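> Residues per chain, in single letters:
Number of protein chains: 2
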Amino acid sequence: MPEGDGLSYRAAGVDLEAAERAKGALKNLVSKTRDENTLSEMGLFGGLYALPGGMENPVLVSSADGVGTKLKLAFLTGTHDTVGQDLVNHCVNDIIVQGAKPLFFLDYLATGQMEEGVVTQVVRGVAQACLENGCALLGGETAEMPDFYAEGEYDLAGFITGVVEREKILDGSLVQTGDVLIALGSTGLHTNGYSLARKIVFDAMGLDVEDLLPGLGKTVAEALLAIHRSYLPAVRSILASTRLHGLAHITGGGIPGNLPRVLGPGQGARIDTGSWEIPPLFQILQSGGKVAPEEMFRVFNMGVGMIAIVPPVEADSVANDLAASGEATWILGEVTAGGGVESV
Amino acid sequence: MPEGDGLSYRAAGVDLEAAERAKGALKNLVSKTRDENTLSEMGLFGGLYALPGGMENPVLVSSADGVGTKLKLAFLTGTHDTVGQDLVNHCVNDIIVQGAKPLFFLDYLATGQMEEGVVTQVVRGVAQACLENGCALLGGETAEMPDFYAEGEYDLAGFITGVVEREKILDGSLVQTGDVLIALGSTGLHTNGYSLARKIVFDAMGLDVEDLLPGLGKTVAEALLAIHRSYLPAVRSILASTRLHGLAHITGGGIPGNLPRVLGPGQGARIDTGSWEIPPLFQILQSGGKVAPEEMFRVFNMGVGMIAIVPPVEADSVANDLAASGEATWILGEVTAGGGVESV
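Protein chains in written order, with this note's numbering: chain A, 1 to 344; chain B, 345 to 688.
Next comes chain A alone, as it looks inside the complex:
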């Protein structure tokens, strides 16, 4: 296109064709996540998803989330294919705790100058996790925003929608005093506490991303980029069962910030801190940053990625089922009549 000596969008930092090329490469990735209810290809204004038939009172469950400053680890290491998995798995976990199964996902990827290879890597991770969770990647927005992001950086957020029968919603109403808390192990920090973790590792401990974390046998990059675990495969079979009274996803705020969100009014919980060994990564962070123990539990998951709440009589069988799915599980504590989360 002849542009003379005047200004153009490309000169202003936005290359529309590059955006289109990147989206073209993504189309193939995305199409693999389609299922029989996905009625649209990428490129329409909105994505189309037919509500699965046979439901009596379908309730949609939707959540938005970002990857947060874990992205800085991706930038430092040039590893861009895991953060999409973090994002999708995080979103999936956020809706299964209300009893929902995921239907579709949309991503939002914003960057200063679009690097096609990076965009493709990011969306490859998103698409792979969508596949693994049986969730259609229905659409998304890739925004090129000059002057917003540092060179080589981007932000990544996502939106998930799932569905649950109205009478199967997990809303705390089933939770009874005396119910047992079953912990499901995390794979690392998941996507929370990275601003503090980075400050500890890079500033206080003076490490580089490729340095070994003392005593862990892993590099900083390996430890901090461990993928946020999706608990859907393990939890799927018990999601609609009467054995399950509640599920809490342990994200920002840790156990004390998240467990109360799924309890009934006035209920609290007793956490047996001797029931598991805090994984070495968290111990390293705590001593490296001289972080107060309460702060550690308020910022990090401390090895607990999800908590299932079940009646005492079912505790062993549910724990066994979850363990059979490959989860590290243990009895973490119990639901109490008093408010607050108490650690003993």
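Be aware that a few hints might be false.
Unchecked claim - Distance windows between CB atoms, simulated:
#, chain 1, residue 1, chain 2, residue 2, range
1, B, Gly397, A, Ala11, 48 to 58 angstroms
2, B, Gly496, A, Ile278, 30 to 40 angstroms
3, A, Ser241, B, Gly398, 29 to 39 angstroms
4, A, Pro233, B, Asp547, 33 to 43 angstroms
Claimed, not checked - These stretches of chain B come out as covered by chain A in the derived footprint (C-beta under 8 angstroms, 3 or more residues):
#, stretch
5, 401-409
6, 550-561
Stated by the list, open to error - Each computed SDA-like pair below joins lysine to any residue, with the alpha-carbon atoms no more than 20 angstroms apart:
#, chain 1, residue 1, chain 2, residue 2
7, B, Lys634, A, Gly13
8, A, Lys23, B, Lys371
9, B, Lys512, A, Gly13
10, A, Lys168, B, Leu395
11, B, Lys634, B, Leu576
12, A, Lys23, B, Pro604
13, A, Lys290, B, Asp359
14, B, Lys371, A, Gly13
15, A, Lys27, A, Glu116
Just so you know, these hints were derived from the structure itself, not from any lab.
If you're wondering where the values come from, they're calculated on a predicted model, not measured in any experiment.
Cβ coordinates follow ideal geometry from the N, Cα and C atoms, glycine included.
Go by the hints and put chain B onto chain A.
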């Protein structure tokens, strides 16, 4: 909380209580957008929305979008209550073009250091637009990401889900050669082309946000912050009518980039460029940046925010109905058998 001399999340730049306080202030705003299908308050992991009853084959239509670099105008002027409206209206327009009516919306707001007043203003705009579009603000994520955004800056994205009966989806299959294109006037740039517009106004023309745009009688801020128009109020009554064959939202890519997305295979369009006067703002940008005419039409909406496609026999009556809803409308052109968008 006693933190001794060790590191804390607050020292790392993340103030969890500030985030909670801001969300508390938003709760009241958000609750106004609730309708009888909204089953959850803010603060759960996922928002709950009951699918409206009485539908035969409900298809969900979902879209993600951001505000883009129009946000820079908000930063420069300290005006944070309109960008949320831009975002919601943009998303609403993106799903009505497929025949859907909005059900719910979620926002993603990311910033370096959360300023409670700014967050509240942004979400006030989001909530107000949700109210105006009859759309529940079901949830969202407010992310505090130190070292990601410049001081006083943020990014804002959103995600909408609507619903349409399967047989009422607008997918191009109704569009006939000879159908009439009816333009609906835009209120300004809407949310597209801001990287170029800022370069023209601030760099090439050397203006400040409070300067008057020569010949427009408005300041740069007033002209460039004009709110992206929602066409739902005007289009609602004809959405499911047989008179409507298609709708195109004119966003990034302009008329040539967006109109073909809603035509049938092989179809094209003839645009009568003499059918409307390009609004002065676009003329000022074109001359101020010496931008090639084709580039103007490829980047900006040029005064056309949406295009309705109707059979010739219905053109006058639809145009009258839209005009009665307060829209500036005119006959823009027609659908042709050949591919491509041709301007005459």
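> Does each hint fit the structure? Answer for all of them.
Hints versus structure:
1. Gly397/B / Ala11/A: 48 to 58 angstroms: holds, 53 angstroms
2. Gly496/B / Ile278/A: 30 to 40 angstroms: Holds: the Cβ-Cβ distance is about 38 angstroms, inside 30 to 40 angstroms.
3. Ser241/A / Gly398/B: 29 to 39 angstroms: For Gly398/B against Ser241/A, whose Cβ atoms are near 31 angstroms apart, the range 29 to 39 angstroms holds.
4. Pro233/A / Asp547/B: 33 to 43 angstroms: violated, 53 angstroms
5. 401-409: Holds, because 9 residues of the stretch 401-409 of chain B bring their Cβ atoms closer than 8 angstroms to Cβ atoms of chain A.
6. 550-561: With 0 residues closer than 8 angstroms to chain A, the stretch 550-561 of chain B misses the three-residue bar; violated.
7. Lys634/B / Gly13/A: holds, 17 angstroms
8. Lys23/A / Lys371/B: Between Lys23/A and Lys371/B the Cα gap is close to 37 angstroms, so the pair fails against 20 angstroms, i.e. violated.
9. Lys512/B / Gly13/A: violated, 40 angstroms
10. Lys168/A / Leu395/B: holds, 15 angstroms
11. Lys634/B / Leu576/B: violated, 35 angstroms
12. Lys23/A / Pro604/B: holds, 17 angstroms
13. Lys290/A / Asp359/B: holds, 19 angstroms
14. Lys371/B / Gly13/A: Not OK: Lys371/B and Gly13/A at ~38 angstroms, beyond 20 angstroms, violated.
15. Lys27/A / Glu116/A: Distance ~13 angstroms between Lys27/A and Glu116/A Cα, so the pair holds.
In this structure, the earlier hints numbered 4, 6, 8, 9, 11 and 14 are contradicted, and the remaining ones agree with it.
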